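> Residue strings, one per chain:
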Amino acid sequence: YMGDEEEEGRGAYVCEEKKDGTIHGSTYYLTQRSFMPCEDLLYGRMSFKGFNPEIEKLMIQMNSRCKEEIEVDDKMEADVSDEEMARRYETLVGTIGKKFLRKRDQRVLQDEDEDGNSNTRPSKKAKKKFLKPQD
Amino acid sequence: RDWREGAVGRGPRGSRPRSAACVGQVVLPGDVLLLPAHPDEDGERLRLGAGAAPRGRLLCGPGLRRCGVGLLVTKCGLLRHRRAGGAAAGGAYWVDSQQKRYVPVKGDHVIGIVTAKAGDVFKLDVGGSEQASLSYLAFEGATKRNRPNVQVGDLVYGQFLVANKDMEPEMVCIDSSGRSSGMGIIGQDGFLFKVSLGLIRKLLAPKCEIIQELSQLYPFELVLGMNGRIWVKAKTVQQTLIIVNILEACEYMTAEQRKQALSL
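Protein chains in written order, with my numbering: chain A, 1 to 135; chain B, 1 to 264.
Some clues are possibly wrong.
[Stated by the list, open to error] Selected chain A positions facing chain B (in silico; Cβ < 10 Å):
1. 38
2. 42
3. 50
[As the list claims (entries may be wrong)] Capping the alpha-carbon separation at 30 Å, the derived lysine-lysine pairs in DSS-like fashion look like this:
4. B:194 <-> B:235
5. B:202 <-> A:57
6. B:106 <-> B:235
7. B:75 <-> B:100
8. B:235 <-> A:57
9. B:117 <-> B:165
10. B:194 <-> B:100
11. A:49 <-> B:259
12. A:57 <-> B:259
13. B:144 <-> B:123
14. B:165 <-> B:259
15. A:49 <-> B:235
16. B:235 <-> B:259
17. B:202 <-> A:49
18. B:207 <-> B:194
19. B:194 <-> A:49
20. B:106 <-> A:57
21. A:57 <-> B:75
22. B:100 <-> B:123
23. B:207 <-> A:49
24. A:57 <-> B:194
Treat the hints as calculated values from the structure; they're not laboratory data. As the structure is a prediction and not an experimental result, all values here were calculated from the model. Beta carbons are placed, not taken as given, at the ideal position from N, Cα and C, and that holds for glycine.
Model the full assembly from the supplied sequences, consistent with the hints where possible.
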């Protein structure tokens with residue numbers, strides 16, 4: 001039939017068909033039978049005004065890939081706010097740190113706690129108080 | 001306006017100046033197009049464009065073929081050119097021609113109609129000279145035990161894996177990473193009709209006015225296959241038929257006529 005663009009039997013060089021449909025006959029020309037790379041056509045499935053939300057998401061994804069404007073949405077919504085995270089971490093470091101102290105250091109820590117009564121107690125109490133999850 | 005908008009009237013061949021660039025003009029099969037920097041011995045050939053030779057690889061699109069000194073035209077139509085950048089590094093030339101009959105091309109997304117189930121393979125009618133085959137494993141999440149629910153008469157949107165003149169065309173409904181990305185069985189209801197291939201390309205061009213104007217009307221879903229088939233689905237039958245009529249007629253309407261039709 002007419003329109004046969006494939007190069008065949010050209011004695012001078014070997015033709016190989018590559019994966020993307022281009023035929024590499026010489027170092028200079030690439031023969032392509034499809035219109036897609038020439039005209040930068042859009043993706044064939046379309047949906048408008050929210051008729052099919054999945055297709056609309058797909059439209060944005062596919063067409064942005066073509067135009068090389070990939071919007072990378074890396075921000076994930078945080079379950080715990082930053083402040084609460086900082087507070088928890090502050091108390092957490094102390095308690096876990098104690099776990100790894102050697103026995104002598106633990107004794108010293110206990111003596112220190114017992115010595116400073118009035119000043120340290122309220123803060124100690126604040127430290128030891130169990131924080132309930134606020135859900 | 002038909003697809004040959006802006007076609008310039010041509011005089012007889014001999015009267016055209018030899019160095020005129022023929023991008024955007026009508027070319028006929030048998031014309032040899034020379035690259036800009038190539039010497040022109042007998043003055044019979046047509047030049048592609050004045051200027052320095054393009055750097056890098058040159059993409060020969062549909063309708064063009066490589067020949068001794070340049071490119072040989074194999075289809076009649078308008079010669080188009082795209083400058084370097086993006087997919088066509090070094091520039092692309094192709095012939096914008098019009099036809100109604102589709103020839104399967106690898107990588108094209110098409111709408112096929114299931115005509116038969118032969119064991120593990122479905123036979124699809126894509127409008128070409130042969131029926132395409134589609135394996136039941138070529139769907140997302142399909143395994144030997146978990147077969148897709150495809151019946152005779154269903155519409156399938158897929159792409160060609162193999163399409164050349166020596167073999168039967170083969171289709172798949174997944175891409176190279178194994179995801180369906182929108183391909184597969186097209187759902188219930190809707191309306192399928194056929195248009196010419198040039199209109200499909202016009203509709204799929206970025207920033208197509210027809211699609212933008214239609215999208216303001218009411219919510220609907222549209223699937224365009226490169227084989228000339230369009231599937232439309234809207235909320236009511238009447239809305240679907242309105243969209244179908246506009247898409248069929250818009251090939252030969254001017255912009256004003258189209259706006260008039262849409263405002264009614």
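> Does each hint hold? Answer for all of them.
Taking the hints in turn, this is what the structure says about them:
The beta carbon of residue 38 of chain A is positioned within 10 Å of a beta carbon in chain B (closest approach about 4 Å), and the interface hint is therefore held. Using the Cβ-Cβ criterion of 10 Å, the hint placing residue 42 of chain A at the interface with chain B is satisfied: the shortest such distance is roughly 5 Å. Nearest Cβ of chain B to the Cβ of residue 50 of chain A: about 6 Å, under the 10 Å cut. The hint holds. Restraint check: the Cα-Cα separation between residue 194 of chain B and residue 235 of chain B comes to about 21 Å, which is no more than 30 Å; the hinted pair holds.
Restraint check for residue 202 of chain B and residue 57 of chain A: satisfied, since their Cα atoms lie roughly 23 Å apart, inside the 30 Å limit. Proximity of residue 106 of chain B to residue 235 of chain B is assessed by CA-CA distance (about 34 Å); at most 30 Å being required, the pair is judged violated. At most 30 Å may separate the alpha-carbon atoms for a hinted pair to count; residue 75 of chain B and residue 100 of chain B meet this at roughly 14 Å. Taking the CA atoms of residue 235 of chain B and residue 57 of chain A, the gap is near 20 Å; set against the 30 Å cutoff, the hint holds.
Simply put, residue 117 of chain B and residue 165 of chain B have alpha-carbon atoms about 23 Å apart, close enough for the 30 Å limit, and the pair holds. A hinted pair counts as satisfied when its Cα atoms are at most 30 Å apart, and residue 194 of chain B with residue 100 of chain B qualifies at roughly 9 Å. The hinted pair formed by residue 49 of chain A and residue 259 of chain B meets the criterion: a straight-line CA distance of about 20 Å does not exceed 30 Å. For a cut-off of 30 Å, the pair hint linking residue 57 of chain A to residue 259 of chain B stands: about 29 Å separates their Cα positions.
This hinted pair checks out: residue 144 of chain B and residue 123 of chain B have alpha carbons roughly 18 Å apart, not beyond 30 Å. This hinted pair does not check out: residue 165 of chain B and residue 259 of chain B have alpha carbons roughly 42 Å apart, beyond 30 Å. Restraint check: the Cα-Cα separation between residue 49 of chain A and residue 235 of chain B comes to about 12 Å, which is no more than 30 Å; the hinted pair holds. Proposed proximity of residue 235 of chain B and residue 259 of chain B is supported: the alpha carbons are some 22 Å apart, at most 30 Å.
For the hint linking residue 202 of chain B to residue 49 of chain A, the alpha-carbon distance of about 22 Å falls within 30 Å, and the restraint holds. Pair hint residue 207 of chain B plus residue 194 of chain B holds up; C-alpha atoms about 22 Å apart against a cutoff of 30 Å. A C-alpha spacing of about 24 Å is found between residue 194 of chain B and residue 49 of chain A, which places the hinted pair at or below 30 Å, so the restraint holds. The straight-line distance between the Cα atoms of residue 106 of chain B and residue 57 of chain A is roughly 26 Å, inside the 30 Å bound, and the hint therefore holds.
Distance restraint check for residue 57 of chain A and residue 75 of chain B: the Cα-Cα separation of roughly 38 Å exceeds the 30 Å cut-off, and the hinted pair is therefore not satisfied. Our distance criterion of 30 Å between C-alpha atoms is met by residue 100 of chain B and residue 123 of chain B, whose separation comes to about 22 Å. Taken as a hint, the residue 207 of chain B and residue 49 of chain A pair is honoured in the structure, with Cα atoms around 17 Å apart against an allowance of 30 Å. Only pairs whose Cα atoms come within 30 Å are accepted, and residue 57 of chain A paired with residue 194 of chain B is accepted, the gap being roughly 27 Å.
The structure does not agree with the numbered hints 6, 14 and 21 stated previously, though it agrees with the rest.
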